[in-house]
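Protein chains in written order, with the working numbering: chain A, 806 to 1087; chain B, 2 to 194.
Honestly, the hints are just simulated from the structure, not real lab data.
Among the hints, a few may not be true.
Claimed, not checked - Restricting the straight-line Cα-Cα distance to at most 27 Å, the calculated cross-link-like pairs of lysine-lysine (DSSO-like) are:
1. B:Lys75 / A:Lys930
2. B:Lys97 / A:Lys946
3. B:Lys67 / A:Lys946
4. B:Lys81 / A:Lys890
5. A:Lys946 / B:Lys81
6. A:Lys929 / B:Lys157
7. A:Lys946 / B:Lys75
8. B:Lys157 / A:Lys890
9. A:Lys929 / B:Lys67
10. A:Lys946 / B:Lys98
11. B:Lys75 / A:Lys929
12. A:Lys1070 / A:Lys1009
13. B:Lys98 / A:Lys984
14. A:Lys890 / A:Lys835
15. A:Lys930 / B:Lys67
16. A:Lys930 / B:Lys98
17. A:Lys930 / B:Lys157
18. A:Lys946 / A:Lys835
19. A:Lys837 / A:Lys1009
As the list claims (entries may be wrong) - Residues from chain A that face chain B, not an exhaustive set, calculated with beta carbons under 7 Å:
20. Gly885
21. Glu886
22. Gly904
Unchecked claim - Computed, partial: chain B to chain A, Cβ under 10 Å:
23. Phe10
24. Lys76
25. Gly77
26. Ser79
27. Ser80
28. Leu87
29. Pro94
30. Thr102
31. Gln138
32. Gly139
33. Glu141
34. Leu145
35. Ser153
36. Glu155
37. Leu161
38. Asp163
Where is the CB? At the ideal position from N, CA and C, for every residue including glycine.
Chain by chain, the residues:
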Amino acid sequence: MPYIDLKNVTYTYPLVKEPCIKDISVSIEKGKFYAIVGANGSGKTTLCNIIRGFIPGFYQGEIEGTVELEGKSLEEYTLGELTSKIGYVFQNPFNQITGARDNVYEEIAYGLENLGVEVPTIRKKVEEVMELTNTAYLADKNPFELSGGQQQRVAFASVLALEPDIFVIDEPTSQLDPKETERVFDIIDKMKKMGKTIILVEHKIELIAEYADDIIALEDGRVVKFGEKHDVLSDLSLIEKGIDLPQTVLLADELRKMGIPAKEKIITKQEMIGQLKQIMGK
Amino acid sequence: MRNSVGVLFIILVVIQTFFAAGETILFSFWIFSAKLEGLLFALKLGFVLANIGGCLIWFFAITTEKDFVLALEKKGLSSKASYVVLSTLQMVPVLKKRSETIMNAQRARRVETEGGLLVRAKVFVPTIVPLVLSSIQGTEERALTLEARGFSVETKSTHLYDIEPKPVDKTLNIITGLVFILIVVGRIVLCLI
Ligand SMILES: Nc1ncnc2c1ncn2[C@@H]1O[C@H](COP(=O)(O)OP(=O)(O)O)[C@@H](O)[C@H]1O
Ligand SMILES: [Mg+2]
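Same shape as in the complex, but just chain A:
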């Protein structure tokens, strides 16, 4: 049985004529890491909001088709249930600081307070996730006075504290420098190792090639390719659809054109090095 199941989902925002999600059907398995790729405006964020249950609830609009989590329609879950099942992290670090609390420790605890968790348990969980996200040294700081990267890690910690099984993460690194991007992927990798199901929207294709399992490629609200990352990322036709492919895929293609027998589906640096060694007979 699929964990999250979207069947023929079509969605139109209020006051808009055209649907921006068109007949999408995807099945998400538990514990896997999915990446959503696609050009700007292709519907990635909208798809995330559908999976998170914010659509149609928060945004209104018209939705067709079904979205099920563990065999039960999303609409049958209460807000509290969804909050503790699906965590959501998104792009702008600043907007993910609630403003309800004046230090990082309490900011991370805020969600647990709202869910009515007992104080000793809150402390235990907050300290765990601070360890995991390397934010313990920020505990007493005002969350508004942190750098973007630090705020993003606090956002991850705040969501992790709620211990959801599923993480929907929308372009978490687009406003971060390379060092902070690496730290964020480090956290995502740890989450995957904890057995969480991850749905990540990200443009940095090389990082996706390295960390993700499966990829959902969107173009103009439709799924144009969905499957194992090697299969998806080696499809050169995706370039025309505004989707970046890893450098190694392009390089392997060039090599083949030059008559050098490079394998298909080389998507990471490591795989490329192995292939080059083989070609050079080492």
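Given the coordinates of chain A, work out where chain B with the ligands should sit on it, guided by the hints.
Only chain B with the ligands this time, still in chain A's reference frame:
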């Protein structure tokens, strides 16, 4: 804030003493004359004012907003209302900083930001518009953030940071109540005599 009560007091005394109608002239110079009735009235009003102002200032000097709002929340203020108060207080310095950034950016585009009243009035639009727009733009995402943190979940929330009334608070409450009743009764008795 602290000085404003004093300033108000002095203004009150001066205006009332010199300009209120009265018979008993204390002293006079040029066209002004100080009158006793005005002075007495001003002192009476002034002390009431200083009393109320002083209490408020004292209260907020020794009570953090965090404690104040938490106490209200425990007395039944909705967590949504307390969020509005706390986040607004937190947002003020953030917005101030952002408006400085915008000012700097506009200055780099040769918008005059310093000078007389007219110059400052003219700069109002190019600074306030980006400030308001950027804040509005963030509200949808912040609303989702709050949703994702269980903001609308209707469970009774717990408090990591908490204040418990101490025994001395209870005693103080009782004493204050008694004093209040005494004063009210005293006034009534004084009126009746
Ligand atoms: N709140 C909204 N109301 C109306 N249209 C929207 C709204 N949000 C996004 N859209 C439109 O839906 C389409 C998909 O947007 P989005 O999901 O944000 O794309 P992506 O995240 O892939 O950049 C875009 O054409 C966008 O203009
Ligand atoms: Mg988006």
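Query raised in the report: Is the hinted pair A:Lys890 and A:Lys835 satisfied, with a Cα-Cα distance of at most 27 Å?
Result: Since the Cα atoms of A:Lys890 and A:Lys835 sit roughly 12 Å apart, the hinted pair holds (cutoff 27 Å).
Query raised in the report: Does the structure keep B:Lys81 and A:Lys890 at a Cα separation of 27 Å or less?
Result: Since the Cα atoms of B:Lys81 and A:Lys890 sit roughly 23 Å apart, the hinted pair holds (cutoff 27 Å).
Query raised in the report: Regarding the hint that B:Thr102 lies at the interface with chain A, is the smallest CB-CB distance below 10 Å?
Result: Violated - the Cβ of B:Thr102 stays beyond 10 Å from chain A, reaching only about 13 Å at its closest.
Query raised in the report: Taking the least C-beta to C-beta distance, is B:Ser80 closer than 10 Å to chain A?
Result: holds, 8 Å
Query raised in the report: Taking 10 Å as the limit, does the beta-carbon of B:Gln138 come near enough to a beta-carbon in chain A?
Result: holds, 9 Å
Requested in this report: Sort out whether A:Lys930 lies within 27 Å of B:Lys75, counting only the CA atoms.
Outcome: holds, 24 Å
Requested in this report: Take the C-alpha atoms of B:Lys97 and A:Lys946, compute the straight-line distance between them, and say whether it is at most 27 Å.
Outcome: holds, 19 Å
Query raised in the report: Between A:Lys837 and A:Lys1009, is the straight-line Cα distance small enough, at 27 Å or below?
Result: holds, 19 Å
Query - Hint consistency between A:Lys946 and A:Lys835 [alpha-carbon to alpha-carbon, up to 27 Å] - result: Judged against 27 Å, a Cα distance of about 36 Å means the pair is violated.
Query raised in the report: Once the shortest beta carbon distance from B:Ser153 to chain A is found, is it less than 10 Å?
Result: With a minimum Cβ separation of about 6 Å from chain A (threshold 10 Å), the hint on B:Ser153 holds.
Query raised in the report: With a cut-off of 10 Å, does the beta carbon of B:Phe10 approach a beta carbon of chain A closely enough for the hint to hold?
Result: Violated, because the Cβ-Cβ distance from B:Phe10 to chain A comes to roughly 35 Å (cut-off 10 Å).
Query raised in the report: Does B:Lys75 pair with A:Lys929 here, judged by a C-alpha cut-off of 27 Å?
Result: holds, 24 Å
Violated hints for the displayed structure, listed by number in ascending order: 16, 18, 21, 23, 24, 25, 26, 30.
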